[in-house]
Amino acid sequence: MEETNYVIECRNLTHYYGKKLVYENLNIAVPEGRIMGLLGKNGAGKSTTINILNGFLEPRSGQCLIYGEDTQNLSPETKRRIGYLIEGHIQYSFMNVHQIEKFYSGFYKNWKADAYWNLINRLKILPKQKISTMSCGQRAQVALGLILAQDPDLLILDDFSLGLDPGYRRLFIDYMREYCKAKGKTVFLTSHIIQDMGRLIDDVLIMDYNRVLVQGPVKDFTDKFKGFIFDLERDDITFSDSLAVNVEHINNHYEFYTYGDETEVKKLLEAQGLAYSNFTQLDMTLEDAFIGLTGKY
Amino acid sequence: MIEKLKHLIYKEWLKTRWYATIALLLSLGTVIYIFISIRSDLNLLGAPQYFSSLILEKSIFFGKFKYIPIITALLIGLSQFVPEVTDKRIKLSLHLPMENTTVIYSMVLFGFAIITAIQLISVLLLTLFMSVYFPSEIIIPSLQTILPWILGGMTCYFFIAMISLEPIWKYRFLYIIFVYFVLRLFYYSYGLGNAVTIYPILFIITLISSVSVIYTSHRFNKGEL
Chain A
7 MEETNYVIEC
17 RNLTHYYGKK
27 LVYENLNIAV
37 PEGRIMGLLG
47 KNGAGKSTTI
57 NILNGFLEPR
67 SGQCLIYGED
77 TQNLSPETKR
87 RIGYLIEGHI
97 QYSFMNVHQI
107 EKFYSGFYKN
117 WKADAYWNLI
127 NRLKILPKQK
137 ISTMSCGQRA
147 QVALGLILAQ
157 DPDLLILDDF
167 SLGLDPGYRR
177 LFIDYMREYC
187 KAKGKTVFLT
197 SHIIQDMGRL
207 IDDVLIMDYN
217 RVLVQGPVKD
227 FTDKFKGFIF
237 DLERDDITFS
247 DSLAVNVEHI
257 NNHYEFYTYG
267 DETEVKKLLE
277 AQGLAYSNFT
287 QLDMTLEDAF
297 IGLTGKY
Chain B
13 MIEKLKHLIY
23 KEWLKTRWYA
33 TIALLLSLGT
43 VIYIFISIRS
53 DLNLLGAPQY
63 FSSLILEKSI
73 FFGKFKYIPI
83 ITALLIGLSQ
93 FVPEVTDKRI
103 KLSLHLPMEN
113 TTVIYSMVLF
123 GFAIITAIQL
133 ISVLLLTLFM
143 SVYFPSEIII
153 PSLQTILPWI
163 LGGMTCYFFI
173 AMISLEPIWK
183 YRFLYIIFVY
193 FVLRLFYYSY
203 GLGNAVTIYP
213 ILFIITLISS
223 VSVIYTSHRF
233 NKGEL
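Going down the list, the protein sequences come from chains A and B.
Residue numbering for the first sequence follows the working numbering, beginning at 7 and increasing consecutively.
Residue numbering for the second sequence follows the working numbering, beginning at 13 and increasing consecutively.
Bear in mind the hints are in silico, worked out from the structure with no lab data behind them.
Be careful, since some hints might not be right.
To be verified - Straight line, CA to CA, 25 Å or less: simulated BS3-like cross-link-like pairs of lysine-lysine:
#  : chain 1 : residue 1 : chain 2 : residue 2
1  : A       : K118      : A       : K134
2  : A       : K26       : A       : K47
3  : A       : K25       : B       : K16
4  : B       : K182      : A       : K26
5  : A       : K108      : B       : K103
6  : B       : K100      : A       : K108
7  : B       : K16       : B       : K182
8  : A       : K47       : B       : K103
9  : A       : K136      : B       : K18
10 : B       : K234      : B       : K76
11 : A       : K118      : B       : K16
12 : A       : K118      : A       : K187
13 : A       : K108      : B       : K16
14 : A       : K225      : A       : K47
15 : A       : K118      : A       : K136
16 : A       : K47       : B       : K100
17 : A       : K118      : B       : K18
18 : A       : K134      : B       : K18
19 : A       : K134      : B       : K70
None of the values given here were measured: they were computed from a predicted structure.
With the sequences and hints as input, model every part of the structure.
Pasting the structure below:
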C-alpha cells in the first residue's frame, strides 16, 4: 500500500486567547497534491490556524509540521517552498507592479516572471500605478501573480475571497484550481465565503466555535449531509434526537439538516406524532450544506 | 544571501528614499542656517564679544541642530516601519526565505546606516564651517555637545523599530512613555562640552536600544496577546 505524504500535519492543537478557547486538540493532515479548505464563520479560528502554520503564533499546546519542520521554526528553505497569501491580498502597497516583481525575484531561485506578467498584463493599470491605488480585484491578481511566479510547492491562502466581486472570485478559483492540479501543488486555504468553493477544494474542514464539525473529502460531506424542508402544524417544535444536526424554522416552515436519509427523518416525525406536509429534500451546494450545518446565526 | 540582502535593501530604499532626502535637506539646511547665523552674529557683535560669550558663557551657537537627529530618526523610522505594521505587512517580510532575525536586522541596519550617513555629512559640514571661524578649543566641545543628540537620534530610531514590532497596542503606549523619558537624557541642556561625563551611560542606552527589537520581534512571532 502506498504511504501518504502529508505536507501539513497539526497534532492536538489547542489555543486560547486569554481564557477564551479557540479550539482544543485539533488535528489536521493535508496530503500532498490535495486542496484543503478550512471553512468557518468569522471568529471560528481560521486565521489563528493560518498564523500558527506560518509561525506567527505559538499554540498553547500541540504542534504543526510543514514538510516535517515545526512551523514555529521554519527554515528559509521550507519558507521558500510555501506561497503565502495574507487575508485581504495584502502586499507592499507602496510599490508598483514592476518594483514588486523586481523585489521578490531576488528571493526565489525558480522565479517564473512569465507567470506573473501573464496575469498582470491583463490588468488595466498604468505602468507606474502603485498597488495601494488598485481595486481589491486587481490587488488579488497581483498577489496571485507573485505566488505563481514564486512557484511554491504549498500554497497557504488566508481568506482569499474576502472583498472579491463574484467575477474575480470565480476567476481566482478557476485559475488556482487549474494551476494547482496541473502542477501537483498542495493548498491549504481558509474562507468564510463558501460560494464557489466546491469548485476548488478536495477536502473540507468545517469549524465552528471551539469545535470541528466536518473533516474529510468534500464529496463525502455533500453526499452524506442532507437537508429537508417541510411544514408542521406548530411552530414551537424542538428536536433532541441526534438525527437532527441542525433544525431551523420560520413560523411553521422547517429546515431539517441531517446525516440520515428521508425515511429516517419521516420516522422521527411520525414517532413524535407530528403531521407534516410539503416534505422535500433540498438540492444542496457546499454553501447550502455549510449553512445547514453551522446555522444561519 | 548577498542577492537577497540587495533586494531587501531595495524595498527599504523604496520606502525611505523621499523621507531620507527630506531629512538630509533639513539637516544640511540647518547647518547652513547655523553658518549664516555665526557670520551674522560676528558682524553684529564683533569678534571679541562673540568669542567671549562662547568661551565664558559656554553658549551653544548650534542649538538649532539639537533636534535634527531625532527628527531624522522619526522620518526614517516611521517611513520604514509604519508600512510594515499597517495591515501586519511585516508578515510578508518574515515569510521571505531568510532567517527572521536576519530580515529584521537587515531592515534596522539599513535605517541605521541612512541615519548615520545623514548625520555624518551634516556634522562634517558643520565642522568645516566651524573651522572657518573657530579654533579647536571651541570646535571640540561643540562636537562633544552634539554627540548625545546624535546618539539620541539613533536610540530613538532603534526604539521606533522595537515599538513597531510590539503586537499589543497597550504595550506600545507604555514603551512610548518609557522611551520619552529615556530620550530626555540625551537632550538635557548639559552646556557646551559638559556632556562628556555622561557619555558611558548614553552609549550603554544606545547599545541596549539597538537590540531591543529582538525582544518585540520575538513577541510578534509568539503572537503574544
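(message) Holds or violated: K134/A and K18/B, Cα atoms, limit 25 Å.
(response) holds, 22 Å
(message) What's the verdict on K47/A and K103/B, does the C-alpha distance respect the 25 Å limit or exceed it?
(response) holds, 23 Å
(message) Can you confirm whether the C-alpha distance between K182/B and K26/A stays at or below 25 Å?
(response) holds, 19 Å
(request) With a cut-off of 25 Å on the C-alpha distance, tell me whether K134/A and K70/B pass. (result) Violated, at roughly 54 Å.
(request) Take the C-alpha atoms of K118/A and K187/A, compute the straight-line distance between them, and say whether it is at most 25 Å. (result) holds, 18 Å
(request) Below or equal to 25 Å on CA atoms is what counts here, so check K108/A against K103/B. (result) With a Cα-Cα distance of about 19 Å, the restraint between K108/A and K103/B holds, given a limit of 25 Å.
(request) Decide if the proposed pair is consistent with the structure: K108/A and K16/B, CA atoms, cutoff 25 Å inclusive. (result) At roughly 11 Å apart (the allowed maximum being 25 Å), K16/B and K108/A satisfy the hint.
(message) Please verify whether K136/A and K18/B have alpha carbons no more than 25 Å apart.
(response) holds, 22 Å
(request) Would you check the hint for K118/A and K18/B, treating anything up to 25 Å between C-alpha atoms as holding? (result) The hint holds at about 19 Å.
(message) What's the verdict on K118/A and K136/A, does the C-alpha distance respect the 25 Å limit or exceed it?
(response) OK: K118/A and K136/A at ~22 Å, within 25 Å.
(request) Measure nothing beyond the straight line between the CA atoms of K225/A and K47/A; if it is 25 Å or shorter, mark the hint as holding. (result) Since the Cα atoms of K225/A and K47/A sit roughly 21 Å apart, the hinted pair holds (cutoff 25 Å).
(message) Please verify whether K118/A and K134/A have alpha carbons no more than 25 Å apart.
(response) holds, 21 Å
Violated hints for the displayed structure, listed by number in ascending order: 3, 7, 10, 19.
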